[in-house]
Amino acid sequence: MQPTQQVSIPDVIQQIPLNYYLIFSTALFVIGIIGVLTRRNAIIIFMSIELMLNAVNMLLVAFSSYKSDSTGQVFVFFIMAVAAAEVSVGLAIIVMIYRNTRSIDIGALNKLKW
Amino acid sequence: MPICVSTYAVFDCMTPELLCILIPLLPLLGFIINGLGFRKVPASLVGPLAVAGPVLSFLAVLSLFSNFRAGGNQPLKATLFDWISVADLHINFAFQIDQLSLIMLLIVTGIGSLIHLYSIGYMKHDEGYGKFMAFLNLFLFFMLLLVMGSNFVIMFIGWEGVGLCSYLLIGFWNTNTSYNNAARKAFVMNRIGDLGFLLGIFLIFTTFGSVEYTEVFSAATGFAVGDKTVLAIALLLFVGAMGKSAQIPLFTWLPDAMAGPTPVSALIHAATMVTAGIYMVVRSNVLYTLAPQALEIMGGIAIATALLGATIGLMQNDIKKVLAYSTVSQLGYMFLGLSVAAYTGGMFHVLTHAFFKALLFLGAGSVIHAMSNEQDIRNMGGLRKYLPITFWTFLIGTIAIAGIPPFAGFFSKDEILAHVWEHNKLLWGLGILGSAMTSFYMFRLLFLTFFGEFRGTPEQKHHLHESPLSMTIPLMVLAVLSVVGGFLNVPHALGGHSMLAEFMAPLYEGSQQVNPSAFEGPTMGSSEELMLMAISAGVALLAAGVAYGMYVRSATVPAADSVPRSIPAQVVYNKFYIDEFYERLIVRPVRALGDGFYSFGEFVIDGVVGAVSWLVKTIAGQLRLVQNGSIGSYMFAMVLSIALIIALRFFVNWTTILAYLNF
Amino acid sequence: MLTLALILFPAIAATVTLLLNGNSAKRIAITAAMLELVLAAYVFGQFTPDAQSQFGFDYSWISTLGIRFSGGIDGISILLVLLTGLLVPLIILSAFRQTYDRPSVFYALILFMQAALMGVFTARDAFLFYLFFEAALIPVYFLAAMWGGANRIPVTFKFFIYTIFGSLFMLVALVYLYYQTPVPHSSAIIDFYNLNLTPSAQGWIFWAFFIAFAIKMPVFPFHTWQPDTYVESPTPATMLLAGIMLKMGVYGVIRFILPIVPEGVDTWGMTAAILSVIGIVYGSVIAIRQRDMKRLIAYSSFAHVGLMAAGVFSQSAYGLQGALIQMLAHGINVVGLFFVAELIFDRAKTRQLDQLGGITRNTPKLTVLFMIIMLGSVALPLTNGFVGEFLLLKGVFDYNNYLGAFAGLTIILGAVYMLRMFQKTMFGTPTTNTQSFSDLTGSEAWVLIPLVFFVFWMGLYPASFLKLTEPAVTNLLQYIK
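Protein chains in written order, with the numbering used here: chain A, 26 to 139; chain B, 117 to 779; chain C, -2 to 478.
So here's chain A without its partners, still in its complex pose (with noise of 0.2 Å):
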């Protein structure tokens, strides 16, 4: 075992450039947004925005590292619960939808239609 040296989280982040976060960020971000718009599988968009909602999530740590701010890791904790929350919700949603049309494909959801 090696002798445990005490380095701090932000440090750890911080290992890295905030650049790099924020291009990676970006990435996913437009992963999701693009995930969204062309897939109609109801499921995979929602992955989709998970996916866009951890890129922000990813960013505010990064930030609030850097600037030693803690609000930020605060707000993604407060975005993960809210996020488990919303996902049981969509979830339950997909499934009623799915039992009622045999289909989660969005296109068959037009109902809206004025």
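I should point out that these hints are in silico values taken from the structure, not numbers from a laboratory. In this text, all values refer to a predicted model and were calculated from it rather than measured experimentally. Certain hints may be false.
[Said to hold, decoys possible] In silico lysine-lysine, DSBU-like type, Cα no more than 35 Å apart, as pairs: (1) B/K193 <-> C/K362; (2) B/K240 <-> C/K362; (3) C/K23 <-> C/K346; (4) B/K577 <-> B/K501; (5) B/K247 <-> B/K733; (6) C/K155 <-> B/K247; (7) B/K691 <-> B/K437; (8) C/K362 <-> B/K247; (9) B/K156 <-> C/K155; (10) B/K156 <-> C/K362; (11) B/K733 <-> C/K155; (12) C/K362 <-> C/K155; (13) B/K437 <-> B/K541; (14) B/K240 <-> B/K193; (15) B/K501 <-> B/K733; (16) B/K247 <-> B/K344; (17) B/K240 <-> B/K541; (18) B/K344 <-> B/K437.
Given chain A, work out where chains B and C should sit, using these hints.
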């Protein structure tokens, strides 16, 4: 009689102001009682109540008149209250008593009383007796306002008010649609004139800064003869006079107005209301003297009206229609007099005409009454045996209107013609022609009605009777007046003193001041004047003789309507097709315009409104398609918009762009 | 304070009425309207004839924006307050013989309408004015849409959208004017009077206001909503529309357009006056050919209001005073005429003139009262219509002689269509519809008698009305210089 005397004594103790208020108020009171109590006031009381108003007013007028004479002919003004007062316009509800209003007051209340009395006999058995008497009273009230008002607006109140009463009384038997139409026609044609009058009032106020007679006329003396504004005022007022006094082109309502009961024709459509136009011109004589062109136009219209009325009268077969066209023609004579600045002559003819035309109408009423509502003279004849009083009074009236000396009409018509002679020989000639026609159609009427054999049905013959006393007394009084009325103003050439002219002279002081040349005394000698008189009397006698030859000697009876006539006769018989002409020229186009506006105009305007809503709907319909319901496309739009906003916010340099755009 | 009472009392009464049912709603409504009339009459009696706004109230409302809840009665408002107070009880009374379903809602809406109208005529704050101006539309819309004739839905929809459309222009103008006031901004109408607006801005504001008020009045060619709405609405709603609501337009022109944008009026007033005068003749000529009584009266009302508008745009004391007194007179006459039309429809089951006639035979009371109101409407001297029409025509004639003469055609054409209507209904021989026509009942007579009383009062002694409005008009004319 004793009641009258004592009432007169009471009136004599009153102040002139109070009398002024009482004079119109008494008939109004009668109207209110008989009007509100219609069908509740017992029939025996209706008559006395209705007659009381005018008679008392007449006594009050007499008292006022003697006051006036005693007070040295000083004009009097009684202001009741400020009626309309806006900015610098102040219209007082005020009465003015002077020579002119007194003469009119005497005519209106005097003849009014007689005709009220006559109406009791004439209308007693009518279902709407009380209503009729009430309307007559109301008419008197408005007529009194008209002649007593001290400014043009009060005159206008009376002017419109008598129009209303005329409307109500022409259409008195209101179940008959053609009577109603005649009433409506009278009101509307009068209103055309009223518009001219009203505009004239506006212009008077803007020009002279007041509508009070005294102020307007004293301000007017500062204007030059021929002033354009005064000319416009004079013409506009004359438009009003045309409507009320039935001059071309607004005369066609008067013959139709004969649909009303006969006393109405006598009172309103012969003696009083239709002479309001002459009253107005005499009242504003200063303005007319200032506008000689207006007088020229008036003269042209007057002679045309006089001849037209007389020509149509030649061939009419309805007893009242003949008298109606005769009234139109006589009104033309009055205006003819005014047009040559013979204002007294015009008023004199108003006075004498009121006597003999009221007499003739009441006589005709008596005939119609006896004939069970028959009005066609072709079905009469020989009535002098059955209706002696009516016959003799009618004869007097006929002589008076024909202008045969020494009856009233001769003097007044002669005075007008003498002035016309000085002014324009051609007009005089036409006037003489008209007077010949007058004499002819009146004697034709007389002969066809009262001479020869009776031509009606046996039932009618059986029913023939002389009218009751309440009807014949007014006839006799009027007959006396028709005989002696002319002596009020006997010309100097016949050794008279021109009393009326002297009495009225103060009215023309303003006119004399602005245009003395129009008022120079007669330039012709007595012999010339006597010759003119002889000519006109001779012509009248000649025409009467011709009528005698045709309708008594040869006993000609006018042909039935169905008999074909020569073209000129056809045209005259059909009143020159003037009604038809107006129908084509005005009535139908207005109707067509109304229909056109309603169906096409409203359609177009509403179409524009509809087009706007259609546009909104169409655009909305197109935009609606964007909402295609596919969540994917919504999200795509959203992402795209966000990207666009970010791009615009961060990657576009607004400062440079705005600077470039010069903001 | 009294002004606030005038506005709030009918609103409270309406709320109470809404909670009641059937006959008690009727009774509460008429009682409340009578009390309101007493209040309005008291205000009329106590009004001092000067240019000041009286009986006022003034509370802070939206303080951050400088908008105040402020109202009062001046010489411009007083006659309209009287008109609103006078007509509403008569309108409620006129509805008594009819059975409307949901009477509580029906009468409550009328009272709400009264509250809103009182608010319009007394508001001293432009924002408050706008609020009431729109609020007045809501009750009458529901009255027309719920109790109207067969074709009511599209007609009332058109009416509603049309008038709202116009008001929006006014809103834009009001917001613009608000931002022109010196900081801190204020929306008091009096503050709008003293703005220095550029001529082009005045032109724009003129048109924004003009369209709003022209649609309300209505002025040619913005009138096509009117005849249909008048015909389709239940008669009480028609009376509210023609008797009171169209005066909001004329009132607005006097209150806003003349003093706020005098240069705009200078430039465009002639155009507006010409449009109004065209409306007079156009409406009258159409009225001559109408067969339906209500439609005929609707077009006559359109023609009459054209004269008021033309008089106002003449910017003279005559025109303004004439318009103010004519608004009162026209409200009285038109309500009387619509009431008679309703009464005839109720008995004869038709309003078509060719199916009517000979009514006068059994109905002396109706004939007399109808005739007096009809004569008032054709402006016979000594009735109420004459004073207003005389002054209006004088104003227009002074403004432009030819325009005045053309506008004067109203006295001829008015006689033509009114007498035609009177003759075709009352005179002639009875038709099958009018065989058994009964005379006025007590409550019907009591609708017409107060109206006739005013016809004569205003005609015989107009000074009691003219002197109240004179100082305010003089004051207003100073802003026009």
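### Query
Is it true that the CA of B/K193 sits at most 35 Å from the CA of C/K362?
Violated, because 39 Å separates the two Cα atoms, which is more than 35 Å.
### Query
Is it true that the CA of C/K23 sits at most 35 Å from the CA of C/K346?
25 Å, holds
### Task
Would you mind confirming whether the straight-line C-alpha gap from C/K362 to C/K155 stays at or under 35 Å?
39 Å, violated
### Query
Holds or violated: B/K240 with C/K362, Cα cutoff 35 Å?
23 Å, holds
### Message
Run the distance test for B/K501 versus B/K733: straight-line Cα separation, threshold 35 Å.
### Response
With a Cα-Cα distance of about 87 Å, the restraint between B/K501 and B/K733 is violated, given a limit of 35 Å.
### Query
Is B/K691 within 35 Å of B/K437, Cα to Cα?
11 Å, holds
### Query
Taking only the CA atoms, is the gap from C/K362 to B/K247 under or equal to 35 Å?
Status holds; Cα separation ~13 Å.
### Straight-line alpha-carbon gap B/K156 to C/K362, limit 35 Å
13 Å, holds
### Query
Are B/K733 and C/K155 close enough, with their CA atoms no more than 35 Å apart?
The given pair, whose Cα atoms are some 14 Å apart, holds under the 35 Å limit.
#### Entry: Hinted pair B/K437 and B/K541, Cα distance within 35 Å
Cα-Cα ~31 Å, so holds.
### Query
Quick one, are B/K240 and B/K193 close enough, alpha carbons at most 35 Å?
It is violated: about 39 Å lies between the C-alpha atoms, which goes past 35 Å.
### Query
Would the pair B/K344 and B/K437 pass a check requiring their Cα atoms to be no farther apart than 35 Å?
Given pair B/K344, B/K437 is violated - Cα atoms ~40 Å apart, limit 35 Å.
In this structure, the hints that do not hold are numbers 1, 5, 6, 9, 12, 14, 15, 16, 17, 18, in rising order.
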